[in-house]
Every structure is written in C-alpha cells, then in structure tokens.
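Hints in hand, dock the two standalone chains.
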Amino acid sequence: QSALTQPASVSGSPGQSITISCTGTSSDVGHYDLVSWYLHHPDKAPKLMIYEVNKRPSGVSNRFSGSKSGNTASLTISGLQAEDEADYYCCSYTGTRMIFGGGTKLTVL
Amino acid sequence: QVQLVQSGAEVKKPGASVKVSCKASGYTFTSYYIHWVRQAPGQGLEWMGVIHPSGGSTTYAQMFQGRVTMTRDTSTSTVYMEVGSLRSEDTALYYCARSYYGTSGPDFWGRGTLVTVSS
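Sequences listed follow chains A and B, in order. According to the numbering used here, the first sequence is numbered sequentially starting from 5. According to the numbering used here, the second sequence is numbered sequentially starting from 937.
There could be a bad hint or two in this list.
Here are the simulated DSS-like cross-link-like pairs (lysine-lysine), alpha carbons at most 25 angstroms apart as the crow flies [said to hold, decoys possible]:
no., chain 1, residue 1, chain 2, residue 2
1, A, K48, B, K955
2, A, K59, A, K109
3, A, K59, B, K955
4, A, K51, B, K948
5, A, K59, A, K48
Computed from the model, here is a short list of chain A residues facing chain B with C-beta under 10 angstroms [to be verified]:
no., residue
6, Y36
7, S40
8, K51
9, E56
10, C95
11, G106
Covered by chain B, per the in silico footprint, the following chain A stretches (three or more residues, Cβ under 8 angstroms) [stated by the list, open to error]:
no., region
12, 41 to 50
13, 98 to 105
Hints in this document: simulated from the structure, not taken from any laboratory. Don't be surprised by glycine CBs; every beta carbon is placed ideally from N, CA and C.
If we strip away everything but chain B, and leave its shape as in the complex, we get (with noise of 0.2 angstroms):
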C-alpha cells in the first residue's frame, strides 16, 4: 500500500535549518510529485512547494523562495524539505503528500512532521 513516512520531530534555535524527509514505497516513485504543506498551530494548510523526483525540478511558493530547498534521492524514494533562517513563525506541522500531475491538488498524505522553533 502507498505510504509516505516521515522523519521525527525537530526542535530548532532561531537562524538555525531544519531538514526533514519523506520515504516513499507502494508506488513507482519517479512518477508522482511530492508537495510539502504546512500548518502552524492554529492556522490552516499552506502550500510550499512541490518536487518532481524524476528529474529534481522544483517549484516554491513565492513566500518561501530563497529560504526552502527541496531535493531527492531516487535511490532510496525520498525527498527532503530544508528550511533555511527559521523563525519563529515557522513552528508548524510539515506534511509531504503526492500527487500524479503538477496541477492537481494531492491524493495520498503522510502524517506529518512536526518542527518546533524556539531559543
């Protein structure tokens, strides 16, 4: 069955990065984007951006560009999600979900990562 498994909770010092992942399995990989969403205490979904794994291209919310690089390693069917300069307003629930086109809104979720920004 599809899953999408990601890493631990973090806990980071304002400036810091985060990086947090998301391993793939019950599906062919390489066909179906990855989105990263987030929702900070409180708030509702924010979409980051999305990662095509077959060839790495990438597309950010103009919000997060400069600051949020996504990448993949095909080998092991991951994707991670590192967020550069954090601040406080980024304590949030990170989710990885996927999608077959770029357009569409995604069809499977994993359950979230949650980063906690704090000195």
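The shape of chain A in the complex, shown without the other chains (with noise of 0.2 angstroms):
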C-alpha cells in the first residue's frame, strides 16, 4: 500500500492561514477517525500536533486544527508564525498497520 498523498510544499505569510490535505482511500482515512498529524523538525524527534482527526494534544496551540471530508483528512495551521516552518505529516490507521503520507514541507514567507 503506498503513502497517503500529501502535497510536497506549500508556504504562507506571517499571520495567514493554511491547509494541508492528506489523500487516503477507503480503507483507511475514509473508514477510521484515526487521523494523526505530526510536526517534523529535521533531526528531531516529530511531535504530534493533532490526534483523532481533530483532537489537539494538552500544551499544542489552538492555531491548529483538523478536519476530514471523505477520504482526506485536512490540516489547518491559523495565524502562521516562523517557528511553525517544518515538515507535517499525516498518519492513518489502516485496519492493520499504520501508514503515513508523503509529507509536506511549510515554508514560512
């Protein structure tokens, strides 16, 4: 089974708005609301951001939030700030296993 699809890149200025997707099928995205988003900073250990689709973990700002429509699930950074600039992943359960997506890189204009 290959990764969930996220976009490679996307980018924002200081105090905007942005939404990363996350593709998955059927089987996965679409059937569990178990839905995780992970920051990456490179050569640091992720930290999740949100869980459950829409759940934010205790100490994670509230400028992030998730969604999911369908088979994509839908990450939405509020307020954009330059420590926000990381790698952003998305997690799904599968019915067997986990599988990520691709990652997308937030650049921080």
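As structure tokens, then:
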C-alpha cells in the first residue's frame, strides 16, 4: 500500500492561514477517525499535533486544527508564525497497520 | 517525565544485521505500544511495525515481514528492533515511539538512531 498523498510543499506569510491535505482511501482515512498529524524538524523527534482527526494534545496551540471529509483529512494552521516552518506528516490506521503521508514542507515567507 | 532513549549510531556492512534499542521511562512500560518508524535520507516517515510490551505481540508492515524482529525486556523496560540482511536502502534514522492504543498514531517519540549501511 502506498503512502497517503500530501502536497510536497505549502507556504504562507506570517499571520495567514494554510491548509495541508492528506488523501487516502476508503480503507484507511475514509474508514477510520484515526488520523494524526505530526510536526517534524529535521534531526529532531516528531511532535504530535493532532490525533483522532481533530483532537489537540495538551500543550498544542489552538492555532492548529484538523478535519476530515471523505478520504481526505486536513490540517489547518492559522496565524502562521515563523516557528511553524517544518515538515508535516499525516498518519492513519488502515485496519491492520499504520501508514504515513509523504510529508509536506511548510515554508513561512 | 516520559523518555524514550535510543541506542547510538551504527555502521554496518551489507548483509549484516543491526539491533537497535529503545529504553522507556516515566510511564508504565507495559501499558503502551511501541512503534518503529524510519526516515531514509531525503525521504518521509515509514512505519515498520509495532510491539505491545505486555505480551510481546507484534505486527509488522508487509515489506519488513521476515526481515525485522521486535522484542522486549520488561525487566529493563526496553524494546529492541533487529533488521537483518541489511542493504544500502536501509540507511536511515530509526525512531521508536509509543501509543496507548495500537490503532493510534504515536504520541511521543524517541530522538532516533542513525543506521548507516555501507561497504
């Protein structure tokens, strides 16, 4: 099974909002409300930002929000800040295992 | 506080095996699954498999089945992942990460172990 599909890159200016999509199939993203999102700076441990589609762990800014429609999940970051610049990955349960997206590089202009 | 401390970097020749460790602390070791995820240079995250430390049950991604073995030692709260028949494409940063449910993405990650496969 191939990775979930994410755009390779997105960009936005400070204060703006951006959305990163994550497209799977009716067997993974479309079937389970078990999509999570990770922020990853190179050579650092990934950080959980959203779990179960739209839940935020304690300590994660409410500028980060998640949603899902059909086979596509989305991560929205509002009020962009320079520190948000990183790679972002989605992850979904498939019924037997986990699968990640290919990753999206967010550039804050 | 929760910690997942991984073993140090390894350099291996093609065909060899490598065993990476992940020592957990700051939480009940047997209550959380441990996933292994790798990132090859310039590539994205790739899920390899998961182990539940309580009974030792494992699930592996299909592409790693037969070549990867995950084990645990409850006396030291340590999980191990061994990759056999190494090839250059296995050069990657290997992360361990925990989740409470086996169906959930991990909520906390180790800092990674670099494995380099080179002749």
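Each hint tested on the structure:
no.: 1; hint: A:K48 to B:K955; in the structure: holds (21 angstroms)
no.: 2; hint: A:K59 to A:K109; in the structure: holds (22 angstroms)
no.: 3; hint: A:K59 to B:K955; in the structure: violated (35 angstroms)
no.: 4; hint: A:K51 to B:K948; in the structure: violated (29 angstroms)
no.: 5; hint: A:K59 to A:K48; in the structure: holds (23 angstroms)
no.: 6; hint: Y36; in the structure: holds (7 angstroms)
no.: 7; hint: S40; in the structure: holds (3 angstroms)
no.: 8; hint: K51; in the structure: holds (8 angstroms)
no.: 9; hint: E56; in the structure: holds (7 angstroms)
no.: 10; hint: C95; in the structure: holds (4 angstroms)
no.: 11; hint: G106; in the structure: holds (5 angstroms)
no.: 12; hint: 41 to 50; in the structure: holds (count 6)
no.: 13; hint: 98 to 105; in the structure: holds (count 6)
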